[in-house]
Structures are given as structure tokens and as C-alpha cells.
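Participant: Model the full assembly from the supplied sequences, consistent with the hints where possible.
The residues making up each chain are set out below.
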Amino acid sequence: MDQDYKKLLRNFHQARWDEPIIFEMSTPGERGVLVPAASAEVQAAVGDEAAIIPESLRRKAKPALPEVGQMRVNRHYMRLSQQTLGNDVSVDIGQGTCTMKYSPKVQEHLVRSNPDIADIHPLQDESTMQGLLQIYHETEKYMKEISGMDAFSFQPGGGAHAIYTNALIVRNYFEDKGEDRDEIVTTIFSHPADAGAPATCGYKVIDLMQDNELGYPTLEAFKEALSEKTAAVFITNPEDTGIFNPRIAEYVQAAHDVGALAVYDQANVNGIMGITRAKEAGFDLIHYNLHKTFSSPHGGMGPGVGALGATRELEPYLPVPQVKFDGEKYYLDCGLEKTVGKVRSFFGNAAILVRVYMWIRSLGPEGIREAALCSVLNNQYTVKKVSAIPGVTMYYADGIRRIEQCRYSWEQLKEDTGLGTEDVTRRLVDYGMEHYWQSHHPHIVPEPFTLEPTESYSKKDLDEFIAVLQQISWEAYNDPDIIRTAPHNAPVHGIKNYYETDPEKIMCSWRQYLKKTAK
Amino acid sequence: MSEKKVVYPYIPNSNPDVQKEMMAFVGAKDLWELYEEIPEALRYKERLNIPEAILDEFNIKKHTEKVLSQNINCSEYTSFLGAGCAQHFIPAVVDEITTRGEWLTAYGAESWADHGKYQAFFEYNSMLAELLETEVTSVPQYDGGQSVATAIAMSTRINGRQKVLLPELMNPTHRSIVENYMDSVQDKLKVDIEYVKADPATGTIDMADLRAKLDETVAAVVVENPGFLGILEENLEEIGAIAKQAGAEYIVYVDPISLGVLEAPANLGATITCGDLHSLGLHLSGGNGQAGFISTQGDAKYVTNYKDFLHSLVEPEVEGEYVFGNVLIERTHYAQRAFGNEYTGTGTNLWMISAAVYMALMGPQGMEDVGRAILYNSQYAAKQISEIPGVKLRFDGPFFQEFVVDFNMAGKSVANINRALLEKGIFGGFDLSRDFPALGQSALYCVTEVTTKEEIDRLVDALRAIVEPTRS
Chain A
1 MDQDYKKLLR NFHQARWDEP IIFEMSTPGE RGVLVPAASA EVQAAVGDEA
51 AIIPESLRRK AKPALPEVGQ MRVNRHYMRL SQQTLGNDVS VDIGQGTCTM
101 KYSPKVQEHL VRSNPDIADI HPLQDESTMQ GLLQIYHETE KYMKEISGMD
151 AFSFQPGGGA HAIYTNALIV RNYFEDKGED RDEIVTTIFS HPADAGAPAT
201 CGYKVIDLMQ DNELGYPTLE AFKEALSEKT AAVFITNPED TGIFNPRIAE
251 YVQAAHDVGA LAVYDQANVN GIMGITRAKE AGFDLIHYNL HKTFSSPHGG
301 MGPGVGALGA TRELEPYLPV PQVKFDGEKY YLDCGLEKTV GKVRSFFGNA
351 AILVRVYMWI RSLGPEGIRE AALCSVLNNQ YTVKKVSAIP GVTMYYADGI
401 RRIEQCRYSW EQLKEDTGLG TEDVTRRLVD YGMEHYWQSH HPHIVPEPFT
451 LEPTESYSKK DLDEFIAVLQ QISWEAYNDP DIIRTAPHNA PVHGIKNYYE
501 TDPEKIMCSW RQYLKKTAK
Chain B
520 MSEKKVVYPY IPNSNPDVQK EMMAFVGAKD LWELYEEIPE ALRYKERLNI
570 PEAILDEFNI KKHTEKVLSQ NINCSEYTSF LGAGCAQHFI PAVVDEITTR
620 GEWLTAYGAE SWADHGKYQA FFEYNSMLAE LLETEVTSVP QYDGGQSVAT
670 AIAMSTRING RQKVLLPELM NPTHRSIVEN YMDSVQDKLK VDIEYVKADP
720 ATGTIDMADL RAKLDETVAA VVVENPGFLG ILEENLEEIG AIAKQAGAEY
770 IVYVDPISLG VLEAPANLGA TITCGDLHSL GLHLSGGNGQ AGFISTQGDA
820 KYVTNYKDFL HSLVEPEVEG EYVFGNVLIE RTHYAQRAFG NEYTGTGTNL
870 WMISAAVYMA LMGPQGMEDV GRAILYNSQY AAKQISEIPG VKLRFDGPFF
920 QEFVVDFNMA GKSVANINRA LLEKGIFGGF DLSRDFPALG QSALYCVTEV
970 TTKEEIDRLV DALRAIVEPT RS
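Protein chains in written order, with my numbering: chain A, 1 to 519; chain B, 520 to 991.
Residues on chain A that point at chain B, a partial pick, calculated with CB under 8 Å:
#	residue
1	GLY158
2	ALA195
3	VAL429
4	GLN512
5	TYR513
Please keep in mind that the hints were generated in silico from the structure rather than gathered at the bench. For every residue, glycine included, the Cβ atom is placed at its ideal position computed from N, Cα and C.
Facilitator: Rendered as C-alpha cells:
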């Protein structure tokens, strides 16, 4: 056993297969799979297949895909997966704002192999999808209870998509009222989509800066930004900082006072499920990321579901179809009176709803609250330990308990050693940690990093992650070269131009690479 | 009282001893002390009104299976439903790789720890580029509908024009998505949408109407090939030529599984190719297996106008290593908040893995074979169905995989016919009467490489028995 149990550090090395690009593995004539062919009788009945397609549309040259036998294809992608540190293989409390939790395997096994979800066509007759529609309807009930909202849509395919859909609802709502409002107010520590998605609908967005003591804008500053031009406020609470705004209901009221709607980005509701609800704070529209708080895996960035909750007043604007129950059977209702229409094909990411249903049913009322409690407890435990690491500071709201996550700073470390947050994250993988999330842009907290130790992690996991940060801090002060040259134990070493900005230099495909590197 | 506290397997620190120790460490006596920032008025102290927990994994699985067993699935019944979500053959290796926990549970880490993920993404880009004869692809969108919407938004950014021409018979869901997306709070940002008529006999673009509507104010001409109704656009190249003449972008929406036999739109003048990855190894999953793609050549005017992340080979510190970067990030709202190119966020990245493995397994020959099998089977089905008295094909041009069956002379509505088919274990074609009222009682039938002759013959027999031909 190589793990140093005193220091909680392990002697780790990630898989490094030096795997070629699949095109380099190609041998002309090899086959990865054979495809079911039309039967001889069918072929005979149809006659010349070439005549079916007009000459002008017939493919002239075969696509230059690689030709690789099945075992090698399988091995190649198996190796690439081994060179990826998902949450299943690494302690990913570093990915703050993303709510990395355990996605129970029983859910994964069911959705991948049960034909009553895997082989359901979304346009089947409703009578043949009663089980799936029941899961939609039941899950909606649970979401309504957790949020206090009156209706939900599961159409949006991710959190940003739900924010966009909320902005569409806001737009249609004021069009119907005949009010000309073209501004959205949000805060700088809310997710970039809270600015980007309303802007995509044509809104002018005001990003409010934080008060340096509170960590969020003061009520006065907030009120000042509001006017008869404000269509809605898009806010998060707690924000990326993990600081809960206790006066949130007054902020919502201020928005209502100018006739604006209040939209709550609850992508990450993990720390407050069953503890405090959007309804009591007065919100009109909300969304939950089911691929974060509600256990569906992140999939390397999707597919997800942004579950969109609305008050009774805004329910008629929800996207269609909505799953309804008439007392006997479940059905898809496409006839909502003021609907914003379709935002996603069919009825959204159905397999995710099945997972979420299972997760909520497996926890029940006590378990849901226990999950929230443990995520907050894990965070406050981590805050106390991490903030004591040399080189780490915390910004804003001194002495105030954080909810489910916290944004820290390596500003002091940078000042003392010249090494900052970018350097630390590169070194994390050498100890088996995937990475940590620094911050959304702009980096207002200097040298930021954001940790979110969800309820999935045991105290031992937390201690190990904290020990790694502690070790890297020690190295920064005592052995800085090892950080400068990191990573050492990852599948690859450093990258010179990770965020390349010159369009001439990018190589997004093998053919573009061959073209640009041809001598 | 004093029931033993549940220790949840997914919540390790629900263990009372550990919890007590940690609570003491953070200086909290009870739950609400952890939440001391939440004012009394906002605290929700009631018990959540949701069902009691089914605590053990065996029973949660059993319970969910029971709920789902009310469904009837497309392995039990024979399905002729498509409409953007057709049933295809999915090689076992696609599932083997896609369901690996490493991809499932990764998120947005940088390239060194998630090197394999980025290489798989790059290979997806690369193989799709071969299929499409393009160079650049971003990470995928929510679905094909979003890919059309963003392709149009890209066009308006490229040429600054604010009108777009769409085909009248396009996918109705996409139509709704695009209409929403092109609308704006600010009048000056609104993009006008005009629909180009279809030729009533063939369903293809009415060239005279296109010429009449196409001028120098048009940002993009959008065509589907094959169309939502399965129709092949014979004038694909000519449309591209006249779009180019007007200085418009030419957006072609494709079904990628057709590209072993159909020419890549980029070779016929498409400047932006988009579509849905569904046919490249994604399961039906009640509509969960959808993902949009957009692809272009590498010119700066295109690559700077994508909205989603672009991954690229970049320069390694150690010579000879392949390393990947997240490039041109200043385009995105992650860098610019309200000032990025549209918004982006969690999309459908996992499906890049499925599509990559699918394309790697299929190779050039597999793509050609699957295209041929679809052509044969769907032609055969159309031919057999059209011989049923009272039933005919609505359009007489060439098609791929899907075709419109006209039941207006069948004496029964599509809804009634489909109900009767259901009793015989068949999911009939998608009823078009709501979305395309002009087609009357018509249905969109989908036949792929997995549909057998026996299944088609059984459908034809069933239809023959169900319809009651009326005289025209």
C-alpha cells in the first residue's frame, strides 16, 4: 500500500496510453461492424438501388472514416475512458458550482437496459407510454413540493436552456400585457447564462457588482438598477460564493414593486432542498438542474434537464407538451393557451426523469433533507479546514456560514510564491484529483477556486482532498519547481496554448490538422 | 419513539457518529444552526409531502420497473415512427463505451486529467467532418432544432442580414424553435422568417418561389435533405448556387446516417451543415437520444461565430504528445456574459462519445451499407403500401427512409387507422394531420435497416384489412 495514511496522499499515476488518433489506426479493408442488409427478396423487388437516388445527390467518394476492426475500436475507446477522471474514479469536490454527486448505479443500469425506457419512441400512442408519463407527472409533484411552485416543465435540455426558456416566458408575458420592458437585472456572481440567455432573447442585461462586505449587491444598489424598463431579475441564492442572502424576499419584492418578474436560478438547489423554498421568497419562475442536484450524471456536459417551475399565473406560458393526468390516464397536453411553443423536440430528456424519480423515491422526505444537510455540513467542515491552509483566503462575509459551496482565493500564495490557482489545479491531478473549478468570468476574486463537497463524499474523502491542497501549498512554499512542471502523473504534460485565441491556429479535426501541418 | 436513524448509502455522513463529530467541528448543535443565515420566515419546517422512501436498491428498481412496465416498447411492437427519432441498429460496442462511468461522471475539467475525453471529442469532430466534408464542429446542441436556430443566428452575424428563408414543409418542432429564437425584445434584432413554398407534387422546394423571395437582404437559405417528410431535394446544388449569388449562407440540415449514400451537402454548396446526431448510435429513450450538430469549413468568419465550445489540437509542452484545448473562448458567454455569441451551457456532450464510436465502427463501408439497406427497405415498404386500394404515396419524388402515406381515400382517419394497427402490435406512422393540415389524413412512415420484410408485409396486410377505400 503506497498511500501515506498519515498525510492521506497516494502515490498515483493516471493511465497514459500514448494512444494514437483513430485515423492513425486505420487499415484499409478492416471492418468494425457489419450492418443488417435488406433481404434478397426486398432487393429483388426494388430492383436497382442506384436508381432510387438522383445522380446529383449520390455520394461520389466514400467518407474517409477510419477502418478499424471491432476489438481495436473497443480497446481504443476503453483506453481513452481510462484517461478521463470522472467523479466515479476521482474525488470531484473541486468542481464547485457543478454539484458533482454520486449517480446511483441502479438508476444507470435501469435506464440503459430496460426497454420500457430505452426502446420507447416519444411519438408512440399515449396509451403505450403510461408508465413513463406517470413518472413525469409524479416527478412534477415532487418538484412542486420541494419548490412550492405551481407547475413544472421538463422540456429544457440543460440549465442555461431553462434560463433561456424563462426569458422567453418573460418576453411573452410582457408582450401580452403590452408593456415595453427590455432590461434584465442580474448579479455578477450568478451564472454567465443568467446574462447570456436573456441577451439571446434581445434583453439588455445589467450585471450588478457585489458589495465587498456582503458578497452580493446591497438592496439599495439593487433597487437603483430597477425601473419601469426592467422585465425581470435573474438571481441566484446562494450564488457561486455560497453566501445566502437573508433579505432575498425584499429583493424579490423590490422587483415586483417596479412590475418586474423575479426569476430564480436554482440550478444548484442542493444545500437548501427541504430547507427553504422559492415560493416563500416570492419568486415567479425558477429552474433546477436535474443533472446536478437530482443525481443524473453530468455526461461531460450533458444531456441534462433544466426543470422549469412557474407560478399559477405563468403556467399557461410553459413550453409544450405538458404531461397531465385526467384522473384515469396520463396524456400530453399541447394546448396551453399562451405557450412559448416548443423549445426541445418531443418531451425532453426522458431517461433523466426516470433517474430523478428513482433518486427522490429512494430518499423520501427525510432523505432529501438529509442530503441538503450533509452537503452543507460537508461544506462548512471543508471551509474551516481549507481556509486554514497557508496561502488560502476567503472573500466577503467574514464569519458567515456558507451554504453548499465556497469560493476561495490563492491570492496570498501568489504573492508569497508567485504560484497561483492555475498552477495548483495543474498539480491536483498528480494526486488523483480531476481538477477544481476556479470561477466563472470575470475573476473578481483573485486567484479563485471553488469547492463544493456534496453529500456524496465521506469525511475521509474530504480529508483526502484537503490534504492534497495542503500538500500543494507546502510545495509552493518549499518545492515550487514540482508545481511549475506539473502535471507529472497525468496522461499528458503541459499545454502551451490551452485557450488559443487565433482562428488561424485552431485544428478542430484530423483533416484540418493534416492540412495545417502539411509541410 | 427513537426509531433508528437511517444511514443512506448515497450519503455517507448521514452516519450519526460521523455527523456528530463534524457538527461539533463546525460548531453547530442542530440542523438549523448550519442554516443560521436563513431567516425564520423563509425556513421550511414542514415535512416534505412526497412519498416515503423506498430505501433499498432492490425495491426501488422493482418499483420503477413496475411503473415502466405499463409501457409498450418498440422491441415488443413493430414501429414505423420516425419524425427525427428513427429506430436504428446500435452496435454493442457503442453501449459498452458510452455507459463507462468515466465519461458519464466527468464534467468540465481541463484537458490533462480528462485527456481521453477530449481526444474522444476531437475524434468525433474529425469523423463527423469526414462524413460532412467539413473541417470544424463545436460541441453539440440540445437537438437538431437548436442546431438550425444557431446556424441561422451564425449567418446573421456573418453577413449582418436579418431575413431567412425556410422550407414550408420543414420539421414543425424546429419551426417553433427557430421562430422563438429569431424573435427579439428589441425590434432591431428581430430576424424575419419567410417560408418557401413546396412543389405540390414532389414536396421539393418550389424554385420559382425561392427565386422570388431570395434577394440581397436574405441572411441564409435553409433546406433539409432529406426533408422532415423524407423528401430528397433534387435541386440541392442549384439552390446553393443561387443562394451564393445573393450573398446568403446556405444551411443544409441532414440526417447523418444518409451520408454513406447521399452526397455531403458541403460538396453541393452548403456553407453550414447541421442536423441531429440521433441516427449515429443513440437510443430512442423516449426522445432522450437527440443532439444537434453544426459544421463548417475553417474560415475565420465561420469559426468565430459558433456559440458553443470548440475543442482543438493545440501545442504540447512535451513534443510528440497530442493535447487539446478549449479554443476561441472569447466568443462565448462564459467569457463575455451578455456579450457572447448567444448563450451556451450544458448540452449533449455524452452523445459525442456514442457518435464517435459508431462512426469508428461503421467506417466508410458500414455507412454505405446502412444507407443502402435503408433505401431498399423503405422503397419496398412504400411500394407495397401504395398498392393497397385507397392508400397512396402523397409525393412522387425520391425519398430516404421516410415517406408520406396519403389516407384521404382510406375511409378512416389516421388516428383510427393507428388505433387499429396498435391492436395488431404495430405503431403506425406519425399522424401529420395536426402539423400539416394541408395534407389532410396523411402519415409519415419510417422504415430503416432494422425493419424486416416480414414486418413490412405484416403492416401491409394489416393496413389492407383496416382501410375501407372510398371512391375519389
